[in-house]
Structures are given as structure tokens and as C-alpha cells.
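Asker: Residue-level listing of the chains:
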Amino acid sequence: MIINSILYYMIFVPSILIYGIGMQKLTFQPTVEHLLLTCCKLLLCTVIASGLSYLVTVYILAPLTLVSLMPITCLLMYLIFSLLSSLAFFKFETKSVLEVAFPIIFISVNESTSLVQCLVVDFSMCVFFAIIMLVFCALIKRLKSTHPIKEFNTGSVIFISIAILIIAFYGANISWLTMLK
Amino acid sequence: MNEKNKRQLYIFATALILIPAAGRLASGIILYLGIVFICLFGTLLQYLFEIFASKYAKSIYSIVIIIFLSSIFNQLVKLFSPLMNLYTDFSIYLVSFSVLIIKFVALENDETIAESLSKKFLVILKFTPLFFLIFLLRDYFGYGTITFPGLSKMIEIHLPYPNMFKDTFFYGSIPFAVIIIAIIMASIERGIRLKNYFSLKSKEKDKK
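Those protein sequences? They're chains A and B, same order as listed. Using the working numbering, read the first sequence as starting at 1 and increasing by one per residue. Using the working numbering, read the second sequence as starting at 1001 and increasing by one per residue.
It is worth saying that the hints were derived from the structure and are not from the lab. This one's a predicted model, so the numbers in the text were calculated from it and none came from an experiment. Note that CB positions come from ideal geometry on N, CA and C, so glycine has one too. Any given hint could turn out to be false.
Stretch-level coverage of chain B by chain A, calculated; a stretch enters the list once three of its residues show a Cβ under 8 Å from a Cβ in chain A [claimed, not checked]:
#, segment
1, 1060-1067
2, 1070-1081
3, 1090-1098
4, 1181-1190
Based on the provided sequences and hints, a complete structural model is requested.
Answerer: Pasting the structure below:
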């Protein structure tokens, strides 16, 4: 079951592309050195935060039927751990990854049925994020040297490549080409 | 950042909000109301916090305000129409963490409430046509209808729908929506470029 969820969230279902998480970082022209540090920080903080918020929701919030407080606990756990990690590793300066980390924690707590599955889903989504950002870094670098049509120089090319990647990863899982009738 | 880059960033950031939402215009209307709600009450709450608390933890409590308000909006939608809540339950939380929203709630130094609110609503007015255009196109190509949110049932208006689109489900899916956004962004750039070209030409004619 663990291997099932790893493969599902890492390769077959690109949740990061489908929900558009973290794609705003592409406007700031990421480089490979930034990527390594931000992904390490992302991995550390989100895995611990998602595990703890899963435990809090299952054992404290659910018996009291206060499940609508789940997003707030996710956010608070993430803020606490990012503060602690920036105090511990103050030598390395990283940009803030809040807009990537919070949806990952939220999705992993929302869609898992046990603690181990929550941690595994979180880990595989972070790994997928690192891979996808590497691919986009290469794409942007390549596009700068080829001078395509000027109107596509804005985010249009990024959007079209997102669409192609979604079809490549996800298209075999869903039968889009079946008849509606 | 010069003006061109700023404009591209704004369009890019608004378009990214729209990907996780469901493909109907009704859910788009509810998301739009959510954004306005967060903007309005977010600035008011932040102003209140600045009076009572120090400016020390400004960025942290702005984020907590955003999450708190989006939870409240979610419950309000659930109260009025549980059907609409099924469409927008998940996406309102993902939407509330884009670059724009965090900017919408922030207060700059030495500004009264009225000034900052009017500035922010001008920005919101600027991106509403793009917002609704994308949702309209997604709704039409995917389902052939235009929908509005209703209390117990979505109000649907059926439009003539060519046979070419009826065959597959692909036109109502996320990759096609992303392609629509890309085409619209490219055509906006083209339109602005043409407008600049024609205004330059008329200036040269006036000089002569």
C-alpha cells in the first residue's frame, strides 16, 4: 500500500500541476542552487508538520466535531516548524515557500487514511515538486536562447508546457477520449 | 520592475488562481465573491491588529487572517447552499495562497483605510474581465452551458453546442483550460502591442 501511494502521487497523478501549486515561482526565474535549498527546507518542514496536524485532527478535532479547524492547524504547525528550522539553520538563507508548503500539507492530510500514508504522500509530492522545477528551469533556459514568437514570451509557454506535462503524466489514467454518450 | 513585467506578473498570477477551480461559471462567481470578501475584511482586520498589537509579527498574522477568513467564507457558502459548497470546498483554500491575495491583505505604511481599500478594489476591477472570460470559455467548451449559482440547484442556460465538442470529455478537463488561458494571455499581449504600434504611428503623423 505504501508503494501504491508513492507511485500514485509521485508519477501518475501530478497533483502539483493540476492544482497549480508553486507555479508562481516560475516568474522569478529559478536557478538550480536556490532549488536545492528550498526543496530541502520544504521536505523537512512539511513532513513533520503534516504528521503532527494529522494526529491533531484525528485525535483531538474529530471527536469534538471541529474538523473545519483543520486548515488553521495545518498552517500553524507549518509556521512553527519553519520558524524553528530558520533558527537552527540560519546560515542558509532561503526564500519563503509558504505558497507551496501549505497546499501540500493540506492535500496530504485531506486525502490520507493513516499516519504512514500521510507522511508518504507528503514526501512524494515534495520529490515531484523538485523534479518538475528542474524541468521548468531547463525549459526556460532553453527558450531564452531560441527567441520564439514574441507574444508567447510571457507565461503562455509555461502554461502550454504545464498542459503537455499533465497530459503526459495523467492522460493514461483517465480516459478523456471516450464518448460522453 | 518596469510596467511590462508587472502587467505580465499580474496576469500570470490571476490565471494561476483559476486552475484548481471546477469548470463551471457558478463556482467562478463564488470564488470571486470569496476573493472580495477576503480583501475587504482582511484589510479591516489587519488595521485592527495594528492598533492593538505591535508591528513585529506583521507577516505572520496576515497569513493567519487569510486562512481564518477563507474558513469563515467556506462555512457561509455551506450555510446558504450545500450544493455549491461541493464545488468550491477544496479550491477556496488553495486559491487563498497566491501572490495577489497576500498583497490584497497587506497594508502599507502611512495609508488610511479608505485609500488602501480604493487602491485594492481598482486592482480587483482590472482583473475581473479576464477572470470571467476564462470561466465562460471553460464552461462553454466543456459542458455547453452557462451556469449561475442557485440555492438548491444550479441555474443552467443551454447554448447551441457543435457536435465536434460532444464526442470527448477532453474539452472540459484541466489541460484544455490551461491551453485556453495560454491563448488568451498571448492575445492580450498581441492586442497591447498593436495598440502601442498604432499610437506611435499616429504620433508620427501628428509631428509631420
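Asker: For the segment 1060-1067 of chain B, count the residues whose Cβ lies under 8 Å from any Cβ of chain A; is that count three or more?
Answerer: holds (count 4)
Asker: Can the segment 1090-1098 of chain B be counted as covered by chain A under the rule of three residues or more with Cβ-Cβ separation shorter than 8 Å?
Answerer: Held - the segment 1090-1098 of chain B has 5 residues with a Cβ nearer than 8 Å to chain A, which meets the minimum of three.
Asker: According to a criterion of three or more residues whose C-beta lies within less than 8 Å of a C-beta of chain A, is the segment 1181-1190 of chain B covered?
Answerer: Coverage by chain A holds here, the residue count being 8 at a Cβ distance below 8 Å.
Asker: Has the segment 1070-1081 of chain B got at least three residues whose CB is nearer than 8 Å to a CB belonging to chain A?
Answerer: Contact hint for the segment 1070-1081 of chain B vs chain A: holds, 4 residues under 8 Å.
Hint compliance for this structure: no hint is broken.
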